[in-house]
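Residue numbers (numbering that gives the first Met the number 0), protein chains in the order written: chain L, 0 to 90; chain A, 0 to 415.
Derived by calculation from the structure, the hints in this document are not laboratory data.
Computed from a prediction, not measured in an experiment: that's the story for all the values here.
From the three backbone atoms N, C-alpha and C, an ideal C-beta is built for every residue, glycine too.
Hints are supplied without guarantee of correctness; some may be wrong.
What the hints assert, rightly or not - Listed below are several chain A residues computed to face chain L (Cβ distance under 7 Å; list not exhaustive):
hint, residue
1, L394
2, A398
3, G400
To be verified - Just some of the chain A residues that point at chain L, by a computed CB distance under 8 Å:
hint, residue
4, F165
5, E252
6, A302
7, N413
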Amino acid sequence: MRIACPHCGLRDLQEFTYLGDASPSRPDGLAATESAMFDYVYLRENPRGLLEELWFHNAGCRAWLAVCRDTLTHTIQSVVPANKRKKGAAA
Amino acid sequence: MRYSGFSLIAQSLKGHAGWGPAWRDASPKSTYDVVIIGGGGHGLATAYYLASRYGVSNVAVIEKGYIGSGNAGRNTTIIRSNYLLSENIPFFESSMKLWEGLEQELNYNAMVSQRGALLLCHSDAQRDAFARRGNAMRLAGVDAEIMEVEQIRAMLPFLDYENARFPIRGGLMQWRAGTARHDAVVWGYARAADARGVDIVQNCEVTGISVENGRVVGVDTTRGQIKAKKVALAVAGNSSRVAAMAGLRLPIESHVLQAFVSEGLKPLLNCVLTFGAGHLYISQSDKGGLVFGGGIDGYNSYAQRGNLPTIEDVMEAAMGLWPALGRVRVLRHWGGIMDMSMDGSPIIDHTSVQGLYINAGWCYGGFKATPASGMCLAHLVAKDEPHPVAAAYRLDRFATGRLIDERGMGAQPNLH
Ligand SMILES: Cc1cc2nc3c(=O)[nH]c(=O)nc-3n(C[C@H](O)[C@H](O)[C@H](O)COP(=O)(O)OP(=O)(O)OC[C@H]3O[C@@H](n4cnc5c(N)ncnc54)[C@H](O)[C@@H]3O)c2cc1C
Ligand SMILES: [Zn+2]
Numbered sequence: 000m001r002i003a004c005p006h007c008g009l010r011d012l013q014e015f016t017y018l019g020d021a022s023p024s025r026p027d028g029l030a031a032t033e034s035a036m037f038d039y040v041y042l043r044e045n046p047r048g049l050l051e052e053l054w055f056h057n058a059g060c061r062a063w064l065a066v067c068r069d070t071l072t073h074t075i076q077s078v079v080p081a082n083k084r085k086k087g088a089a090a
Numbered sequence: 000m001r002y003s004g005f006s007l008i009a010q011s012l013k014g015h016a017g018w019g020p021a022w023r024d025a026s027p028k029s030t031y032d033v034v035i036i037g038g039g040g041h042g043l044a045t046a047y048y049l050a051s052r053y054g055v056s057n058v059a060v061i062e063k064g065y066i067g068s069g070n071a072g073r074n075t076t077i078i079r080s081n082y083l084l085s086e087n088i089p090f091f092e093s094s095m096k097l098w099e100g101l102e103q104e105l106n107y108n109a110m111v112s113q114r115g116a117l118l119l120c121h122s123d124a125q126r127d128a129f130a131r132r133g134n135a136m137r138l139a140g141v142d143a144e145i146m147e148v149e150q151i152r153a154m155l156p157f158l159d160y161e162n163a164r165f166p167i168r169g170g171l172m173q174w175r176a177g178t179a180r181h182d183a184v185v186w187g188y189a190r191a192a193d194a195r196g197v198d199i200v201q202n203c204e205v206t207g208i209s210v211e212n213g214r215v216v217g218v219d220t221t222r223g224q225i226k227a228k229k230v231a232l233a234v235a236g237n238s239s240r241v242a243a244m245a246g247l248r249l250p251i252e253s254h255v256l257q258a259f260v261s262e263g264l265k266p267l268l269n270c271v272l273t274f275g276a277g278h279l280y281i282s283q284s285d286k287g288g289l290v291f292g293g294g295i296d297g298y299n300s301y302a303q304r305g306n307l308p309t310i311e312d313v314m315e316a317a318m319g320l321w322p323a324l325g326r327v328r329v330l331r332h333w334g335g336i337m338d339m340s341m342d343g344s345p346i347i348d349h350t351s352v353q354g355l356y357i358n359a360g361w362c363y364g365g366f367k368a369t370p371a372s373g374m375c376l377a378h379l380v381a382k383d384e385p386h387p388v389a390a391a392y393r394l395d396r397f398a399t400g401r402l403i404d405e406r407g408m409g410a411q412p413n414l415h
């Protein structure tokens with residue numbers, strides 16, 4: 000598996016660190032109820048197919064990337080800097 | 000047919016033409032008392048204990064491929080009970096006790112070999128941590144022994160004791176640990192369950208779970224609908240997908256773990272060995288191949304194959320521990336998809352759907368658990384209450400904060 004970093008080009012998997020599913024977003028303020036936090040911290044869709052996920056290019060530009068990848072085939076559909084991510088790109 | 004030395008001699012005189020199939024390849028009936036989804040070790044063991052211990056034999060095991068085609072046939076076959084936490088020790092020790100009597104009970108040679116499992120330590124701090132773990136084990140009645148470097152050197156003279164970065168400082172040995180033949184475990188449970196009336200249905204994928212008024216009533220499969228009073232999931236690696244059929248979301252991610260086997264060698268390694276400074280475990284099969292593995296690849300996957308960086312990492316750890324391995328060729332490698340749970344420990348519990356039970360989240364360690372997992376899931380399904388040694392493996396522990404985190408890694412599945 001190689002990831003096409005928008006800053007560095009096509010780079011080997013070894014240069015990246017994985018965080019996981021990009022979709023959970025941390026509830027804030029009054030929305031951060033016990034059950035909303037439980038959901039955010041522990042529950043995952045864990046799909047077989049397209050998943051939007053966060054990778055860190057630690058041996059390269061050190062940017063966080065949002066990668067849309069198929070968990071069954073490992074093919075990568077798109078890579079964008081995490082701050083340019085459109086929510087729900089995998090859906 | 001009962002297997003014995005006598006049956007072997009009698010069959011050999013007849014040119015081995017008289018061995019029948021060990022179990023029936025059943026077609027699904029329309030109704031069962033219990034349907035178990037997943038024909039791996041756990042599903043088949045559950046069916047066997049339901050029929051043999053709890054008197055429930057109107058049971059089907061539904062498998063999408065052939066039995067043992069998942070992790071049961073892909074693991075590195077290590078069995079041990081050298082855990083630290085009080086929620087885990089009794090469960091894994093009860094599994095070890097079941098392994099010790101398994102072959103007589105099933106009348107099947109599962110090649111259970113208690114050759115010992117040695118965890119190596121490489122620093123004083125790690126030695127202290129192992130002493131603590133060994134003490135926890137002994138307090139719970141499990142065998143554990145701290146081995147000094149000289150003892151280990153006498154047993155395994157070929158390791159790199161003076162490695163500049165990771166010198167070997169000692170180890171924690173569990174002599175009763177070892178290996179078992181993974182396929183034979185599957186076949187042994189299948190044969191024994193079949194003999195007690197359990198239907199083993201292969202090439203039958205569950206595609207839906209029917210729930211009416213909060214209660215499970217059956218499953219949809221590629222071979223038609225099957226009604227059931229109770230349904231139990233034992234689909235390691237696919238738990239999130241199958242649970243989603245009943246509207247459940249789980250604290251689990253699916254990850255790929257790779258394993259390797261070398262060309263056959265003369266007897267060389269007489270125990271299971273674990274490198275303490277990286278992720279590597281290694282043993283030698285009875286055919287002579289070195290069977291070894293390391294950590295998961297680390298990203299969500301359902302692919303049953305992994306990538307090269309992990310392979311390189313495992314090989315580097317092997318070379319660091321045992322430099323002579325550089326001359327040995329790798330014969331095969333493969334991957335399996337495992338449920339990585341949010342605290343690294345398993346789940347055996349009922350769900351919010353009545354009559355639907357779940358056995359999931361086995362991470363790296365479900366093969367050793369096969370007998371106890373089957374026993375505890377059978378107990379839960381038959382009696383609707385948890386088996387005492389599995390009472391902590393609740394699905395709601397993530398919500399209540401009663402996590403069982405052996406490695407202290409927190410809710411990051413790829414770090415467990
Ligand atoms: C490479 C590797 C090495 C390992 N090494 C060890 C080890 O040394 N020691 C140890 O203790 N553990 C080890 N494990 C973990 C262990 O193999 C698993 O935890 C354990 O096998 C899981 O239980 P099982 O045998 O029931 O799983 P499986 O054999 O995976 O059974 C699940 C079954 O469910 C079926 N299924 C899935 N979805 C459906 C569906 N919709 N309908 C019908 N059937 C379905 C699958 O086809 C599969 O056969 C290892 C795992 C891997 C991948
Ligand atoms: Zn980059």
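Against the structure, the hints come out as follows:
1. L394: violated (11 Å)
2. A398: holds (5 Å)
3. G400: violated (10 Å)
4. F165: Since chain L brings no Cβ nearer than about 21 Å to F165 of chain A, farther than 8 Å, the hint is violated.
5. E252: holds (5 Å)
6. A302: Because about 6 Å separates A302 of chain A from the closest Cβ in chain L, which is inside the 8 Å limit, the hint holds.
7. N413: holds (6 Å)
The structure is inconsistent with the numbered hints 1, 3, 4, although it conforms to all the rest.
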